[in-house]
Structure formats: C-alpha cells, structure tokens
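Using the sequences and the hints, build the whole thing.
Residue numbers (our numbering), protein chains in the order written: chain A, 1 to 272; chain B, 1 to 437.
Treat each hint with caution, since some may be false.
Heads up, simulated DSS-like pairs for lysine-lysine below, C-alpha to C-alpha not over 25 Å straight-line [claimed, not checked]:
| id | chain 1 | residue 1 | chain 2 | residue 2 |
| --- | --- | --- | --- | --- |
| 1 | B | Lys429 | A | Lys91 |
| 2 | B | Lys408 | B | Lys418 |
| 3 | B | Lys145 | B | Lys431 |
| 4 | B | Lys418 | A | Lys92 |
| 5 | B | Lys420 | A | Lys91 |
| 6 | B | Lys251 | B | Lys216 |
| 7 | B | Lys238 | A | Lys123 |
| 8 | B | Lys361 | B | Lys340 |
| 9 | A | Lys91 | A | Lys237 |
| 10 | A | Lys91 | B | Lys418 |
| 11 | B | Lys424 | A | Lys91 |
| 12 | B | Lys135 | B | Lys429 |
| 13 | B | Lys424 | A | Lys237 |
| 14 | B | Lys135 | A | Lys92 |
| 15 | B | Lys429 | B | Lys418 |
| 16 | A | Lys92 | B | Lys420 |
| 17 | B | Lys238 | A | Lys92 |
| 18 | B | Lys313 | B | Lys303 |
| 19 | B | Lys145 | B | Lys361 |
| 20 | B | Lys424 | A | Lys92 |
| 21 | B | Lys418 | A | Lys237 |
| 22 | B | Lys418 | B | Lys121 |
None of these hints come from the bench; they were simulated from the model.
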Amino acid sequence: MLVSNKILAVVTFLYLFLFFAHLVYFATKQERVLTFVWVALYVTFGLHTAGLVVRWVESYRLSIGHAPLSNFYESLIFYGWCISLIVIVMKKRLRFPLLTMFACLIALGFMGYASFSSSVDKKIQPLIPALQSNWLHIHVFTCFIAYASFAVSFLAGLFSIFNWKSVMPPEERLEELNYRSVMVGFPMLSAGILTGAVWAHYAWGSYWSWDPKETWSLITWIFYALFLHARFARGWKGRRIALLSIIGFASVIFTYFGVNFILSGLHSYGAA
Amino acid sequence: MSATKSNVGREGEPPPSPSFLDHAYEFLSSVTLAIALLAFIAVASIFGTLVKQQASPEEYLSFYSESTYTIIRFLGLDDVFHSKWFIGAISLLVLNLIFCSLPRFIRLLKSRATVKIPNEKALDAMGLRCLLPGKKIDDIAGVFKRYRNAQNNEGSRVLERGSLGRYAVYMVHLSIIIILVGGLIGVLFGYRGPLTLAKGETKDSVVARGSTSERKPLGFAIKLDDFKVSFYPSGEPKDYVSNVEVLENGKSVLQKSIRVNDPLNYNGVNIYQSSYGSNPVFVFDVGGERVELGQGGVYQKDKLHLLAVRYEKSVHNFGPGVQIAYVEQDGQPQTTWFLKDVARLREKSILGTTVRLDDIKEDYYTGLEVSRDPGVWVVWFGFALILFGLYVNFFLYHRRIYLVEVSKGVLVAGTALKNKEGFKEEFEKLKGKLGCS
Numbered sequence: 001m002l003v004s005n006k007i008l009a010v011v012t013f014l015y016l017f018l019f020f021a022h023l024v025y026f027a028t029k030q031e032r033v034l035t036f037v038w039v040a041l042y043v044t045f046g047l048h049t050a051g052l053v054v055r056w057v058e059s060y061r062l063s064i065g066h067a068p069l070s071n072f073y074e075s076l077i078f079y080g081w082c083i084s085l086i087v088i089v090m091k092k093r094l095r096f097p098l099l100t101m102f103a104c105l106i107a108l109g110f111m112g113y114a115s116f117s118s119s120v121d122k123k124i125q126p127l128i129p130a131l132q133s134n135w136l137h138i139h140v141f142t143c144f145i146a147y148a149s150f151a152v153s154f155l156a157g158l159f160s161i162f163n164w165k166s167v168m169p170p171e172e173r174l175e176e177l178n179y180r181s182v183m184v185g186f187p188m189l190s191a192g193i194l195t196g197a198v199w200a201h202y203a204w205g206s207y208w209s210w211d212p213k214e215t216w217s218l219i220t221w222i223f224y225a226l227f228l229h230a231r232f233a234r235g236w237k238g239r240r241i242a243l244l245s246i247i248g249f250a251s252v253i254f255t256y257f258g259v260n261f262i263l264s265g266l267h268s269y270g271a272a
Numbered sequence: 001m002s003a004t005k006s007n008v009g010r011e012g013e014p015p016p017s018p019s020f021l022d023h024a025y026e027f028l029s030s031v032t033l034a035i036a037l038l039a040f041i042a043v044a045s046i047f048g049t050l051v052k053q054q055a056s057p058e059e060y061l062s063f064y065s066e067s068t069y070t071i072i073r074f075l076g077l078d079d080v081f082h083s084k085w086f087i088g089a090i091s092l093l094v095l096n097l098i099f100c101s102l103p104r105f106i107r108l109l110k111s112r113a114t115v116k117i118p119n120e121k122a123l124d125a126m127g128l129r130c131l132l133p134g135k136k137i138d139d140i141a142g143v144f145k146r147y148r149n150a151q152n153n154e155g156s157r158v159l160e161r162g163s164l165g166r167y168a169v170y171m172v173h174l175s176i177i178i179i180l181v182g183g184l185i186g187v188l189f190g191y192r193g194p195l196t197l198a199k200g201e202t203k204d205s206v207v208a209r210g211s212t213s214e215r216k217p218l219g220f221a222i223k224l225d226d227f228k229v230s231f232y233p234s235g236e237p238k239d240y241v242s243n244v245e246v247l248e249n250g251k252s253v254l255q256k257s258i259r260v261n262d263p264l265n266y267n268g269v270n271i272y273q274s275s276y277g278s279n280p281v282f283v284f285d286v287g288g289e290r291v292e293l294g295q296g297g298v299y300q301k302d303k304l305h306l307l308a309v310r311y312e313k314s315v316h317n318f319g320p321g322v323q324i325a326y327v328e329q330d331g332q333p334q335t336t337w338f339l340k341d342v343a344r345l346r347e348k349s350i351l352g353t354t355v356r357l358d359d360i361k362e363d364y365y366t367g368l369e370v371s372r373d374p375g376v377w378v379v380w381f382g383f384a385l386i387l388f389g390l391y392v393n394f395f396l397y398h399r400r401i402y403l404v405e406v407s408k409g410v411l412v413a414g415t416a417l418k419n420k421e422g423f424k425e426e427f428e429k430l431k432g433k434l435g436c437s
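Here it is, written out as structure tokens:
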C-alpha cells in the first residue's frame, strides 16, 4: 500500500475527529474548544496537503509521474482538500462552528468514500494520452475550487432553510456568505469550463462537443447565472435564494458524480 | 454588492397607446425573458444528456417504445443541440442580451458625463461622511492619490475608484455574444472529419461530418511516414505518435509528430491524433517466395490466383487464421483456411505449389481528426473577456468620494453601490489619514 494512502486514511479520521470536536464545542460552549478546533483544522489541512504531495512524489517513483488529479480516488481526495482550503481562506466569514462542522462533515464524506469504499481504485494509474497535458492541473483546480465554493453556498442555504435558532449564524451573515461563495465559485466554474474547452480543442479537435460532462457543467453554470440574476437583478433574498443554492449544489453533485455513474461520455475517467 | 442591473423603470411619460414595437421591445429587454430563456436552455440541455444524441433509430427502439420514439423524433430530442428550437432559444437569448444590456450601457455612459455634486442635504444624508474644519480641498488632495479625478469644480471635487467595475456586466454579456458568434463562424465556415492513413499513404481531402458528407479539399496533402503506439506495463495506451509530412505540389514542406494533445496546425487546418487501428497482413511463403497480403489482397503467378478473403482472430478457438480463395484447375472457385498456430493447417498445396502461412502481422494505421474552425480565435477572445469581466465584476467595485468646500471647512462623503462593507473599512482608513472624526 502506498504511503500517501495511509496518510490520507489518517486525514479521514482527523476529519471525523474534527466533527466530534465541534460536537464537544456545542455541548460545552467553551471558546477554548473552538480555538483547538481551528488548530486541529490547520493540522488536518497540512497533513492532507502532505498526503497529496507524497502521492505526487510516489507517482514519480512508479515512473508514471503526474499530479494526483487524474482518477476518481484522486478527485475525491482533492475535493476534500479544496473544501478545507476554502474554509481556511474564507476563515473571516466562515467563523461559525456550525458551518465549519458541516464543512468537515462533507470533507469526511468524500475522504471516507475515497479511502474505504472498495469500488474506488486507490492505485496510482498512468495517464492515458488525452490526460497528458498541462491543462489538466488548471482545469481540475478551477473546477474543484468552484465545487467547494458551491458546497459552502449550499451549507449557507441549508442553514437558512432549517433555521436552528440557538446554533445558527445570523441570517444576514448566512446570506452574505451564500452569495460570496457563489461569487468565488461562479468565476472559478467559468474558468474550469473554459480551460476544459481550450484543452478539448487541443486534445480532441473541438472546444465544445456537447459531451454529458460538458453539458452538465454548462447547466450548472446557467443555474448559478440564474442565481446571480435573481439575487442582483431581481433582489431575491432569504428562503428563495437559499433554495436556489441547494438546487444549484444538487446540479454540481450531478455534474461530478451523476455524469460519471449514470451517463457516459468522453469524460468517463472517474468511473473507470 | 447590490443591484448592478436593477430594473430601473424608464423615466418619462409612457406614450398614450404602446405600439406593437414597444411591446416587442419591452418583451425582448426584460430580465424575466432572460431568466425564462436560461431556464429553458438548461432544461433542454438536461434532456440532451438523458436521451442519447444522434444515435440510430435501432438504438432508440431498443430503449424506447415506438410511440415514445415518435415523440422523441417529433420534439427533436434525439438531437437537441442542433434542433431549430434550441438554436432559436439561443438566438432569442442573444437578442435579449443586447436589448437588456445596450440601453443600460448607454445610460451608464451618459450618466458618467454628467456627474452631479449632491447638495449639502444629500451629502449630510450619506452614511459615510466627515467634516474637516478650516481646510481647503487642495490641503487634503494628497490623501486621495489612488482615486481618479472624475470632476474638478471650483470648491468641489468628485473622485472615483474602480469605475471599471460598472462596465464588467456589459463585458460579460458582450463576451457571451462573442463566444456564440465565434461558434457560429465555426459552424458556417468550418468543417470536421475523420482521416485514416496507413503507413506511406497520402491524402489531400477529408469527408466532412454532417448531413451533407461533403468532401473538403485540405489545400495540401498529408502523408503518414510512420505510426507508433506505446503501452504502459498495465496495458493502457501511453502514447500514439503519427509522423507525418505536409506536401504542397508534391514537395515536402513540413514534418511533424502528431500526438494526442499536440495537433498539427497548417494553413488554418488542425489535424489531431484521435484513434488508431490495425489491419492484419498475412505473410505467406508461396513456393519459396515471400508474399505479403493485406485483407482482400491478391497474388497472381502463372495460373495460381490467391485472394485473402477473410480474417478471423480466432477460428474455432484455434487461433488466428485467414481464408484464402483460389481457382481450381477446372475453373471452380475454392476456399481454404490457413491457421497460424496449427501446424497441420499452416501449409497446403494449391495447384501443386506449396503455400505456407508464416506470420500474421499487425499493420497499424492512424485515425486522425481534421478540423478547420476559423471562429476559434473569436471564441478564445470571448473566453478571455468573460473571465476578465467576471473578475472585475466580482472583485472590483465602483465608489465615489465627494469633496465639497462648505462654510465650516471641507465635507468628505463617500458612496458605493456594491461592497458597502469593504468601502466602509476603506473610508474609515481615509478618515484616519485625514484625521477627522
């Protein structure tokens, strides 16, 4: 077994631990616990990053060197990493224990699925010719940062709907968080789609071929464009915007998983 | 951030009876239409991924009942993205974008030319303001170095920052139109088609994909010198390389190794590595002479006629074999199988000549994809503009600071439509530098 797989399995347990640490905070309401949670989050993120780097190095040892962004296992791990990254970068606005708790839970979900599901191949696989391109890095990075931002927007929407009074961040902060994460996610998704198109032009000879993955990313893009217009041109707020961010994330998840498992096309690396 | 494209109702008296044109304009320029069209295009696209596109009738009928298939055909769901109604919706969206954005853009340009200094009462009402007693504008101008002078009057000044932020929405909308126009140029003036080349083969035209299946001349000839495939130990393909030569009037003008992700570009024609395949080549020993036959290949010597009819990778589980047809002495056509791995069936006597199958080689051919798309640079420009526009729209914001000399000193007031919180912080810093409370 690869060293990186072991590190990443430990990281998975750390996310579980972080989830419980949040619960301890909610039970005790001690600020000290929260300080500890943030330190633990930094450590987890550091180790998560190390796991990715070690995997990268290991791929060179197997003389098929490539960034760990090429198969389903690696994309799940990277998704978890992006969520942590967003939480840390947006720390100022995300300083709500309920939010960080659910962010850790989502990261745990992806990491756990990647590390412990038998259907996910954890081996480092060589790159097929179509993936041998520098566009791979920028394309995957922008897409997953977008996916992670939309996950944060989803959480903000979810909390607005459920409105758990005692633990919930104030409504206006949630709304601000919601559109701010879409403000990061939307340009990133655009960049992801466009870098994908440029890459497709060089690899397949056509920048757009209505492949299911492309089409679904466009559907998600249109959806968030609608979100932005509803929010800024129509002044939608509260429940309606919250609902939009939840449906939007469903579209993200379908773009990521659904297309790989249900629809087939040029982008079928994930399911393979 | 707040209303960047708020639906400001048009000022002025409405005409007594709005004409058809007014109605049409109202309809085309509404945000409601934009939202409806985007939703429609999204839903249509979902159908385009759920129903297999451009498949054969047999494929559809194996999935759907005949009546469902009739509905699919009727609605054009078997080719959503090329159907008239889908293209119609996109065209309407382009019109909507123009009618939505252009008047607002013009209004913005006009408003720039006529920045009004708010009266003292309006300035007092601004949330962000402070008074510097006993100062003149020139005394404090140094603090606002990073702001642009939008207007300079006697006793008042208007300063701006991030004005680009106000144009970003129009940049994004314009770039969507540019991308679609680029796509249209490609559809109208470009073509795509597959091109297979065996080693040593030369071709100078390609059959374009699409309804017409037109043969398009490339304007040059392309010759495959060599083709190589390499595999990883796991058996997955690692690299396909087609070494080609571009020929003009029979003369070689360019040599290039085409790989996946590394196409050949010559005179606006792009040639991509897309697939490969192999044809069997049968190596025979015919009465001591080495003969190589491809599928359908013919050998003739004196009365001996051999034709390689059929190739099977596995003949009744005895390994690869080739069926050879020949003509008997009496003129009767006959066939017989040669099996590579079965000694008994490897060598036969035909019309008294010993014919032996020595080997079956794989002769690789390359599958190239040819495309000419004169619109691609327009699309790239649209991509760059949309990313720039989105960045500016979300991360820059326009704010104005008014400096007005009043009887007690200089009044400093600021407004921002977007990112009010960020501007508040910025204004507090300015206040600190100015030393006013």
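| message | Against the 25 Å threshold, does the CA-CA distance of Lys135(B) and Lys429(B) hold or violate the hint? | response | Answer holds: Lys135(B) to Lys429(B) is near 19 Å, not above 25 Å.
### Query
Taken at face value, is the distance from the CA of Lys91(A) to the CA of Lys429(B) at most 25 Å?
holds, 23 Å
For a C-alpha distance cap of 25 Å, please report whether Lys424(B) and Lys91(A) respect it. Holds: Lys424(B) and Lys91(A) sit about 20 Å apart, inside 25 Å.
_Pair hint outcome, Lys313(B) versus Lys303(B) [Cα-Cα no greater than 25 Å]_ = Roughly 30 Å between the alpha carbons, so the hint for Lys313(B) and Lys303(B) is violated.
**Asked** Between Lys424(B) and Lys237(A), does the CA-CA distance stay at or below 25 Å?
**Response** holds, 23 Å
CA of Lys251(B) to CA of Lys216(B), is that 25 Å or under? This hinted pair holds, its Cα atoms lying about 21 Å apart.
Item to check | Restraint check for Lys429(B) with Lys418(B), where alpha carbons must lie at most 25 Å apart | outcome: holds, 18 Å
Handout entry: Proposed proximity, Lys420(B) with Lys92(A) (alpha carbon, max 25 Å)
Key = holds, 17 Å
Is Lys238(B) close enough to Lys123(A), meaning Cα to Cα at most 25 Å? Since the Cα atoms of Lys238(B) and Lys123(A) sit roughly 17 Å apart, the hinted pair holds (cutoff 25 Å).
Compare the distance between the alpha carbons of Lys91(A) and Lys418(B) with 25 Å, and conclude whether the hinted pair is satisfied.
holds, 22 Å
Legend entry - 25 Å Cα cutoff - pair Lys418(B), Lys92(A): holds, 19 Å
(message) Against the 25 Å threshold, does the CA-CA distance of Lys408(B) and Lys418(B) hold or violate the hint?
(response) At roughly 31 Å apart (the allowed maximum being 25 Å), Lys418(B) and Lys408(B) break the hint.
In summary, the numbered hints that this structure violates are 2, 14, 17, 18 and 19.
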